[in-house]
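Given these sequences and hints, build the entire structure.
Top line first, the protein sequences correspond to chains A and B.
By this note's numbering, the letter at position 70 of the first sequence is numbered 70, and the numbering carries on one by one without gaps.
Each number in this note's numbering comes from the position in the second sequence (counting from 1) with 1000 added on.
Hints are not guaranteed to be accurate.
To be verified - Dumping the calculated DSS-like pairs for lysine-lysine here, alpha-carbon to alpha-carbon at most 30 Å: (1) B/K1446 to B/K1343; (2) B/K1343 to A/K31; (3) B/K1487 to A/K138.
To be verified - If the Cβ cut is set under 7 Å, some of the chain A residues that face chain B in the computed set are: (4) A22; (5) K36; (6) S37; (7) G126; (8) A127; (9) Q144; (10) Q149.
Just so you know, these hints were derived from the structure itself, not from any lab.
Here a beta-carbon is modelled for each residue, glycine too, at the ideal position from N, C-alpha and C.
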Amino acid sequence: MKKGILTLAALLLATVAMAQNAKFPGNVTLKSLDGKSVESSVIENGGQPMIISFWATWCKPCNTELDAIKEVYEEWQQETGVKLVAISIDDARSASRVKPWVNGKDWPYEVYLDQNKDLARAMNVGADVPYTFIVNGKGEIVWQHKGYQPGNEEELIEAVKEALK
Amino acid sequence: MKHRQTLVLALLLIAGTSAATAQGLLGGQVTGNIQLDGQISRRDSVIGSEDVPQKLLSNARADILYTNGDFSAGLRYEGYLGPMLGFRPDYQGQGIANYFVSYKTQNFAITAGHFYEQFGNGMALRAYEDRYLGIDNALRGINVMYRPFRGIILKGVIGQQRYFWESRGLVRGADAEVSLNDLITPWSEAKTRITLGGSFVSKYEDNSEVILSDIPGFKLNLPRNVATTAFRMDLAHGGFGLQAEYAFKGKDPNDLNNYTYHKGEVLWLSASYSQKGFSANIQAKRVDNMGFRSVRTEAYKEMLYINYTPAISKQHTYAFLSMYPYATQSMGEMGLQADVMYKFKKETLLGGAYGTDLHINASLIKALDTTQIGGIGTDGYTSTFFGTGDTYYGDLSVEIAKKLSSKVKIAATYGYVVFNPIIEGHAGDLHHNHVLVGDLTWKMNKKNSLRFEAEWMGSDSKYDAAVDDKRCGDWIMGLLEYNFAGKWFVSVSDQYAYNDGVGNYYNLSVGYTQGATRLQVGYGKQREGIICIGGVCRNVPASNGLTFSLTTSF
Chain A
1 MKKGILTLAA
11 LLLATVAMAQ
21 NAKFPGNVTL
31 KSLDGKSVES
41 SVIENGGQPM
51 IISFWATWCK
61 PCNTELDAIK
71 EVYEEWQQET
81 GVKLVAISID
91 DARSASRVKP
101 WVNGKDWPYE
111 VYLDQNKDLA
121 RAMNVGADVP
131 YTFIVNGKGE
141 IVWQHKGYQP
151 GNEEELIEAV
161 KEALK
Chain B
1001 MKHRQTLVLA
1011 LLLIAGTSAA
1021 TAQGLLGGQV
1031 TGNIQLDGQI
1041 SRRDSVIGSE
1051 DVPQKLLSNA
1061 RADILYTNGD
1071 FSAGLRYEGY
1081 LGPMLGFRPD
1091 YQGQGIANYF
1101 VSYKTQNFAI
1111 TAGHFYEQFG
1121 NGMALRAYED
1131 RYLGIDNALR
1141 GINVMYRPFR
1151 GIILKGVIGQ
1161 QRYFWESRGL
1171 VRGADAEVSL
1181 NDLITPWSEA
1191 KTRITLGGSF
1201 VSKYEDNSEV
1211 ILSDIPGFKL
1221 NLPRNVATTA
1231 FRMDLAHGGF
1241 GLQAEYAFKG
1251 KDPNDLNNYT
1261 YHKGEVLWLS
1271 ASYSQKGFSA
1281 NIQAKRVDNM
1291 GFRSVRTEAY
1301 KEMLYINYTP
1311 AISKQHTYAF
1321 LSMYPYATQS
1331 MGEMGLQADV
1341 MYKFKKETLL
1351 GGAYGTDLHI
1361 NASLIKALDT
1371 TQIGGIGTDG
1381 YTSTFFGTGD
1391 TYYGDLSVEI
1401 AKKLSSKVKI
1411 AATYGYVVFN
1421 PIIEGHAGDL
1431 HHNHVLVGDL
1441 TWKMNKKNSL
1451 RFEAEWMGSD
1461 SKYDAAVDDK
1471 RCGDWIMGLL
1481 EYNFAGKWFV
1491 SVSDQYAYND
1501 GVGNYYNLSV
1511 GYTQGATRLQ
1521 VGYGKQREGI
1531 ICIGGVCRNV
1541 PASNGLTFSL
1551 TTSF
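Here's what the structure looks like:
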């Protein structure tokens, strides 16, 4: 009972603090596609907005989303300077397939592995993918969306443009 | 005692939060996520959903995370007021299931409380969570990371493993990882990137219990400390990649290996080559007696695992291809898996106007070649390194995906699956299944799209009431999904056994997504497995009736 009340209190406080945009966490350890451990602070775009997309090789809608964005990516980059960083949550079962997967798909994105889901936890991604964030030039998370349905990329680029303001 | 600790921690968290809020947040912030899943279930012996006396079952959780610079703290509420089907009844109850405080800088990190950790691929240690499968073996204790200089990462853990609402066992571990390109300056720009690692993990258990040997008149001399040691390598050179991990375990008589003294080992290799539009990957694995758990007598097969030996076969997502999911036989198996992806370029004969994707995958997993030498209290069996026994699992799949126009995309898949029911603990003949899948997405305009999926499975297996495997027989399936305005979706599907099988799994689902909030309601009969509808994939248990799921993040 006590614990329930405490949780509730924490939740209420959370709503109060929510007004401020959360920062993109910079101190989480990820793996690069070359197998090296890197800090999440290497994910940056020189003051321009970024799209952070959590995905997995076995997730169809994730692949559909990243394929769809690929077709308009150059246009998006020229228009807004945005960069997409794809974070794979594949575990040991499929993590070694991520690098060949990205090359085979010919995706132009920067990709990292989050096998232990440390970044996913720090960003409250929960258990379902895809999950997409927009981080503005100041490193603040200004938009997030769970799931992908055809056409969602329109909403995404609108939100990127909004983040430029 | 546990409650008091939790209380103190929660109070600290709240005090910290309020101070932060009052003083313009001081750079501190509170984030979190909440999830509520529920089902109103009816018994159905045909699909194997159980009788539910309380009618409504629900799993709920809320993660709250407080971050202030290098400091963070979190707690998680979990409530299983009637755990959902597929979850152990031991989850019944509610409370704070996970809490931690953590301080982390570039070169040093320490976490006290619950944490998740993985050394290498996890063959010696992997504390992880899969909330939909009811697996959470989080360690509760201390986790330290230290980088003495560039290129070297040292980690140490000590803790007890989560077991439903308590913690059990005692696990100690250390890991070192060296990036040669960072450590050796002249190599820093070399095209060849090499990372090496090694871990040592030990569990301690009291040995006062009496377990009688199969050799009459003897009781087992149980080891109090059992260790697993692992080495790994990751080598990349341009488009080439080679990864390897080897782990071995000392004598560890336990419930999984019938209390035998055979040592354990696992070897895993992965080689790949890729370039723009083409990739090939091959993996091989040999596992022998590598079930490493913190309590030797634990009867629940999925609980208290310290390590993780991944299945190497592909994780299929189409319903009939994933109907027989393969799980690693940690007691012994040998497997091979190969994967090829190729993109036919635009404006070529097979590529057409938009290009064509081809994906081929094949795997074969067999038992080890073993010779039985005794029961409880003996070495159990001997095995040859390269010998193989019965086939456990095999698959072959060929998928062609093509965009026909700016609005229409199609994919066609042929799959072949061989499955040995012994891996799920039943004797019987191998199942041989052929699967065909057609998948069409029609994007009508910017906001509306329609997806149609048709599947067929022909099998040589027949439903037998004595074994009660509901996947046997020949099946057809249809699925229609309508996505509206990028926010709503409606989907209807039906799987029907038309020959030699039983069952009719119909399902209607409706979902709404607004930013990070998503509500999904379904009605019908559901098989367990990965379900991807309305743009999200998740693992679900078998159910019959009404299910709902609400998730949000803030």
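Cross-check of the supplied hints:
no. : hint               : result
1   : B/K1446 to B/K1343 : holds, 26 Å
2   : B/K1343 to A/K31   : holds, 27 Å
3   : B/K1487 to A/K138  : holds, 28 Å
4   : A22                : holds, 5 Å
5   : K36                : holds, 5 Å
6   : S37                : holds, 6 Å
7   : G126               : holds, 5 Å
8   : A127               : holds, 5 Å
9   : Q144               : holds, 5 Å
10  : Q149               : holds, 4 Å
Violation of the numbered hints given earlier is absent; every hint is satisfied by the structure.
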